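Position one of the sequence shown corresponds to residue 1 (full-length UniProt numbering), numbered consecutively onward.
There may be inaccurate statements among the hints.
Straight-line Cα separation of at most 25 Å, SDA-like style, residue types lysine to any residue; simulated pairs [said to hold, decoys possible]:
(1) 140 / 76
(2) 119 / 88
(3) 42 / 8
(4) 140 / 125
(5) 78 / 97
(6) 42 / 81
(7) 92 / 74
(8) 78 / 138
(9) 35 / 97
(10) 119 / 93
Computed spacing ranges between beta-carbons, pair by pair [stated by the list, open to error]:
(11) 73 / 132: 14 to 22 Å
(12) 40 / 97: 42 to 50 Å
(13) 53 / 77: 34 to 42 Å
(14) 118 / 62: 17 to 25 Å
(15) 39 / 109: 25 to 33 Å
(16) 40 / 75: 16 to 24 Å
(17) 136 / 92: 18 to 26 Å
(18) 72 / 14: 26 to 34 Å
(19) 120 / 92: 15 to 23 Å
(20) 43 / 99: 17 to 25 Å
Treat the hints as calculated values from the structure; they're not laboratory data.
Here the structure is a predicted model, which means the values were calculated and not measured.
Beta carbons: idealized from backbone N, C-alpha and C, even for Gly.
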Amino acid sequence: MAAMVLPILHSIVAVLTSKTRGDGTREPLVLDILKQAYLTLKKDFDEENGGFSLAPKFPQPLGLEFLLRYFHRTQDEKASEMVEVTLEKMAKGGIYDQIGGGFHRYATDNNWLVPHFEKMLYDNALLSRVYLHAYLVTDKQLF
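Please model the entire structure based on the sequences and the hints provided.
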């Protein structure tokens, strides 16, 4: 088994090594690559309810973090708007547990109103971070 896994690991290390400079730092991402990711999120964005899919709607904290960073880098207002709409709809919807605090795993409907009654610590950790960053960018008290 180890004989089969070792060549695969070596190829992964080679690819990762080729992506770094000799001093161990990574090359900065080219803006074109970032724009492609942004356009994909923009295309999938639910203008009415926020988020990037139909039901079931899962929070996408990493995508939202990306959009905040993209906004910081490009000042593209749409990137910030997508984050604001999504976070606001989530905070005001049933996915947010107003009694116990925190966010449920996902909403079973398009409007973030009907939660799936399960909370994940890692989701809430990522969401708390994205809400903090959104507050720093927008200064909105809701965040």
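Given hint residue 138 paired with residue 78 - CA-CA distance at most 25 Å: holds (13 Å)
Whether the CB-CB distance between residue 136 and residue 92 falls inside 18 to 26 Å: holds (20 Å)
Distance restraint between residue 140 and residue 76, which requires alpha-carbon spacing of 25 Å or less: holds (18 Å)
Agreement of residue 119 and residue 93 with the hint, judged by alpha carbon distance not exceeding 25 Å: holds (15 Å)
Verdict for residue 43, residue 99 (Cβ pair) under range 17 to 25 Å: violated (36 Å)
Pairwise hint evaluation, residue 8 against residue 42, where the allowed Cα distance is 25 Å at most: The hint is violated at about 35 Å.
Given pair status - residue 81, residue 42, alpha carbons within 25 Å: holds (10 Å)
Residue 73 versus residue 132 beta-carbon gap, inside 14 to 22 Å or not: holds (19 Å)
Outcome for the supplied range 25 to 33 Å, where the beta carbon pair is residue 39 and residue 109: Given a distance of about 27 Å, which is inside 25 to 33 Å, the answer is holds.
Verdict for residue 40, residue 97 (Cβ pair) under range 42 to 50 Å: Given range 42 to 50 Å: violated, Cβ gap about 30 Å.
Range hint 16 to 24 Å (beta carbons of residue 40 and residue 75) holds or violated: Taking Cβ atoms as reference, residue 40 and residue 75 lie about 20 Å apart, which means the hint holds.
Residue 140 paired with residue 125 [C-alpha distance capped at 25 Å]: holds (20 Å)
Checked against the numbered hints given earlier, this structure breaks hints 3, 5, 7, 9, 12, 13, 20; the rest are met.
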